[in-house]
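The listed protein sequences derive, respectively, from chains A and B.
Residues 23 to 329 (my numbering) are what the first sequence spells out, left to right.
Residues 2 to 477 (my numbering) are what the second sequence spells out, left to right.
One thing to keep in mind: the hints can contain errors.
[Said to hold, decoys possible] No farther apart than 25 angstroms at their CA atoms in a straight line, the calculated lysine-lysine pairs in the DSS-like style are these:
| no. | chain 1 | residue 1 | chain 2 | residue 2 |
| --- | --- | --- | --- | --- |
| 1 | A | K195 | B | K250 |
| 2 | A | K164 | B | K250 |
| 3 | A | K153 | A | K164 |
| 4 | A | K161 | B | K250 |
| 5 | A | K233 | A | K195 |
| 6 | A | K161 | A | K195 |
Derived by calculation from the structure, the hints in this document are not laboratory data.
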Amino acid sequence: MPTMHHVVSTRELEKHYGPLRALGGVSLDVERASVFGLLGQNGAGKTTLIKILLGMLAPTSGSAHLLGLPVGSVEARRDVGYLPEDHRLPEYHTGPSLLDVYGGLQGLPRQERQRRAAELLDRLGLAGREKLRIRGYSKGMKQRLGLAQALLHRPSVLFLDEPTDGVDPVGRKQIRDLLLAERARGVTIFINSHLLGEVEQLCDRVAILRKGQLAIVGTVAEVVGAKTTWLVAFDRPLTADHRWSSAQLAPAGSSGLWRLQLAAATGIDRFLEEARGHGLHLRHLEQERGTLEEIYLQLADAGGPSS
Amino acid sequence: MTQPARSPADEPAGRPSPLRSCAAILQDTWLAFLDARILWLLVAAIAVLFGVALSARVEPLPSGRPYLDLAARALSADMAGIDLTRDSLAEVAGRLDGSLSWIVAAEPLPADAADGPATAWSVTLARNVVPVVGRLATSDEIAARFGQIPDGRLWTIREIRETTSRMAAATGSQTWELTVDPGPDLRILWPHRFSLFGDSLELSRPEGAPLGLEVFILQKLLSNGIGGTILLLVSVVVTAAFVPTMIRKGTLELLLVRPLPRWQLIVFTYAAALLFVAGLLGLLIFATWLVTGLLTGLWSPGILLALPTLLLFFAMLLSVSVFTGIVTRSAVAAMLVTITTWGVLFVVGLMHMQVVASRMREENAGKPRPVSVADALRPRAASPSGRPRGSAAERTPFHTTTVARIVEAIYAVLPHTEDLDTMVDRQLMRDFAVGGRLRQLMESPDFQWARGVGLAVAHAAAFLVAACAVFTRRDP
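Make a model of the complete structure from these sequences and hints.
Here it is, written out as C-alpha cells:
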C-alpha cells in the first residue's frame with residue numbers, strides 16, 4: 023500500500039502487448055524528496071513503466087499509485103512534470119510561447135506562467151533567445167526547454183527520460199544543479215538515464231530493470247557495495263606463514279599490491295589488527311569500489327539484450 | 002489508503018479548467034495556423050482577386066422608356082396576388098381588366114438628366130377601355146397601380162393630373178400627366194453593363210443584366226465560388242496537419258501528461274481550427290460585401306448570413322480530417338481523404354440535382370413555363386430545335402433509372418451539401434430576389450434548410466465523437 027512517504031508505489035505491475043510481456047510484476051516504492059534512477063537496456067520496460075505511472079498506458083494487471091492517487095486519473099497528473107525521451111516540441115513556437123501554452127494546460131494563470139517562464143529560461147541558460155523559434159534551437163537548447171516545461175508548474179514529482187541527452191558538459195552541470203535544488207525543495211525526481219555516472223552522482227536510490235522485471239533496487243551504495251574491495255601494500259613481502267582469518271588476499275599486479283576481499287561481516291579494523299599481529303605495517307591502503315556501470319554490465323551480461 | 006503523499010514543495014499556482022485548456026489550445030493552434038506559408042499565399046491570391054474585382058465598372062444602361070412602358074402595360078391587369086412563377090397563363094388572363102394603357106410621351110426630369118435608375122420622369126399616359134368589358138379608372142387607382150409589377154415596385158407617383166376631355170371619356174379614352182420617381186426595386190432590376198479593368202473586358206451582354214443579378218453573381222463568385230473554394234481548400238490543407246502533428250510521438254506525451262481528459266485535446270483543437278477558418282471566411286465575406294457595395298452602391302446584408310452556412314460545410318470536412326488524422330496519424334492521408342470526401346459530396350449532389358430536375362421536368366410537362374415580367378422585356382434566343390428546352394421527349398426520364406435510384410439512396414445518407422449550397426444562394430440573393438429567375442431559385446421545391454443543417458451537424462458530430470473514442474482508447 024502506498025504510504026505518506028511514497029510518491030510512487032507499484033505492486034505486481036504487469037503490462038503485456040499481445041504475447042510480449044513488457045513489464046512482469048514490478049513492485050516499487052519511491053520516497054518523497056528523493057532522486058530515483060531507473061536503469062535498464064533499451065526495451066527493458068523503463069518507458070512503459072513511466073507511461074503507466076503517468077496514466078498514458080493502462081496496466082494489464084497490478085496496481086500503481088502516484089502521489090497516493092490511482093494512476094490514470096486527471097488529478098494524479100496535476101502535480102507531475104514530465105520530460106519524455108526524444109521529445110518533439112512544436113517548432114512554430116518560441117520558448118516563451120510554448121511555456122505559455124503548456125502553463126495554460128496546467129491551469130496556471132497568465133501572470134504566473136509568464137513569470138515562471140522567464141525565471142526558468144534564465145536558470146536554464148535560454149535567456150536572450152526569447153524570440154527565436156524552436157526550429158532554430160540546437161538539440162541541447164531543446165532539451166533545456168523540455169526541462170523548463172516539466173518544471174513550469176512547480177510539480178511535486180518529476181519524471182525525466184534522459185534529461186541531459188544532447189546537452190554539453192556545462193549544460194549538464196547546470197541541469198544537475200537545478201535538479202538537486204529541486205530535490206532540496208522537496209521534489210521527488212524519477213530519472214531514466216543511460217548516463218550511469220550521472221545517475222550515480224544524482225540518485226539516492228536506483229533500480230535496474232531487466233526484461234520487464236526489477237533485477238536490483240537500493241541506494242547507490244547498496245547496489246555497488248557488494249563489489250567493495252581494498253588494495254593494500256605492506257612494508258615487507260608476505261610469506262606462507264601469514265594466515266588471515268579476516269580477509270582473503272590475492273596479488274594485484276607486480277608492484278607488491280594485494281587485492282583484499284574482506285570476509286563477510288568483517289570490518290577493515292579487524293584486518294588492520296590482524297596485520298599488526300603479524301608484525302606487518304601498511305605502506306598503502308585504498309578502497310576499491312565497484313561502479314554502477316560494472317553492476318549494470320554484469321546484469322546485462324547475465325540477462326542479455328531484452329526484446 | 003492514506004492521503005496523497007504531497008511534497009512540501011510549493012503548491013502549483015493554478016487549477017486546470019476547461020476554459021484555460023481551451024484558451025491554451027487556441028493559442029497553440031493560432032501559432033500553427035500562422036506558421037503555414039500556404040495561408041499567406043492564399044491571402045495574397047484573394048487580395049489579387051479582390052483587386053481585379055475592384056477594377057470593375059458597373060454602369061446603368063438607358064432603359065427608362067422600356068420600364069415605363071412595362072409599368073403602363075401592367076396596368077391592363079390586376080396583378081395583385083399573381084405569382085408568375087406558379088400561376089398559369091389562364092389565371093393571369095383572368096385578371097385582365099379590359100383596358101390597354103401605353104406611354105404617349107416621356108421626358109427625364111430635368112430634361113438634360115441622364116437616363117438612369119435614379120432619374121424621375123414626366124410622363125403622358127393614355128388608357129383605352131374596351132366597351133362593355135372595361136371601365137374608366139380614377140387617378141387614385143392609376144397612382145396606386147402604376148409601376149407595381151409582380152417583380153417589385155418600379156415607379157412611384159409624385160404627381161398625377163388627369164387631362165381626359167369629356168368627349169374622349171365618352172369613347173373610353175383617358176390621359177394623365179404624371180411625374181414619376183424611381184421605385185424601391187427599380188435599381189435592382191435596371192440593366193447594367195459590367196466590365197473589368199476599366200472598360201477593357203466586357204463581361205455582360207450588350208443589353209446588360211439586372212443589377213441585382215450582377216451583384217448576386219459577383220458575390221457568389223467571390224465568397225462562395227473562387228474565393229470560398231480556394232479558401233476552404235487551403236484551410237483543409239492547413240488544418241489536416243493539426244491533429245497528426247499533435248499526436249506524433251514525442252509531442253503527444255507532452256500533452257497527455259497534462260491534467261485534462263484526452264477528448265478535450267481533440268474537441269478544443271477542432272474548435273480552434275474552426276474558429277480560425279471562421280475568421281478567414283468572415284474576412285472574405287466582409288471584403289466581398291465591401292467590394293460589391295463600393296462597385297454598385299448596393300449594401301446587401303444577405304451575404305453576411307452566408308458565413309454560418311459555409312462554416313458548417315467546413316465543420317463537416319474538418320471532422321472527417323480530424324478522424325482520419327487520428328486513425329492514420331498522417332497529414333497527407335487526412336488531407337486526401339477530406340478532399341476526396343468533398344469531391345464525392347459534390348458529385349453526388351450534382352447527380353442528385355439532375356434527378357430532381359428530371360422529376361420536375363416530368364411534373365411540369367405541358368404546363369406554361371414560369372416567366373418574369375422583367376425577363377419578358379429582354380429578347381430571348383430561340384431554341385435551336387424550335388421547342389422549349391426541357392420539354393424535349395426524353396428517352397427514359399433520368400429519375401426513373403437505376404443510376405438515379407442509387408444516387409438518391411447515397412444522397413439520403415450523405416450530408417446534403419446541395420441544401421447548404423442553396424442556403425448560401427438564398428442568403429446571397431435575399432435582397433435581390435425580386436426578379437423571376439432568382440425567385441425561382443429561392444423557391445426550389447427540394448430544399449429543406451433543417452434537413453441540410455441537421456445532416457451536416459450530425460455527420461460532423463459523428464466523426465468527431467468517433468475521433469475522440471479512438472484517441473481515448475489508443476496507447477500512445
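Tested hints:
{"no.": "1", "hint": "A:K195 with B:K250", "verdict": "violated, 28 angstroms"}
{"no.": "2", "hint": "A:K164 with B:K250", "verdict": "holds, 16 angstroms"}
{"no.": "3", "hint": "A:K153 with A:K164", "verdict": "holds, 14 angstroms"}
{"no.": "4", "hint": "A:K161 with B:K250", "verdict": "holds, 17 angstroms"}
{"no.": "5", "hint": "A:K233 with A:K195", "verdict": "violated, 32 angstroms"}
{"no.": "6", "hint": "A:K161 with A:K195", "verdict": "holds, 16 angstroms"}
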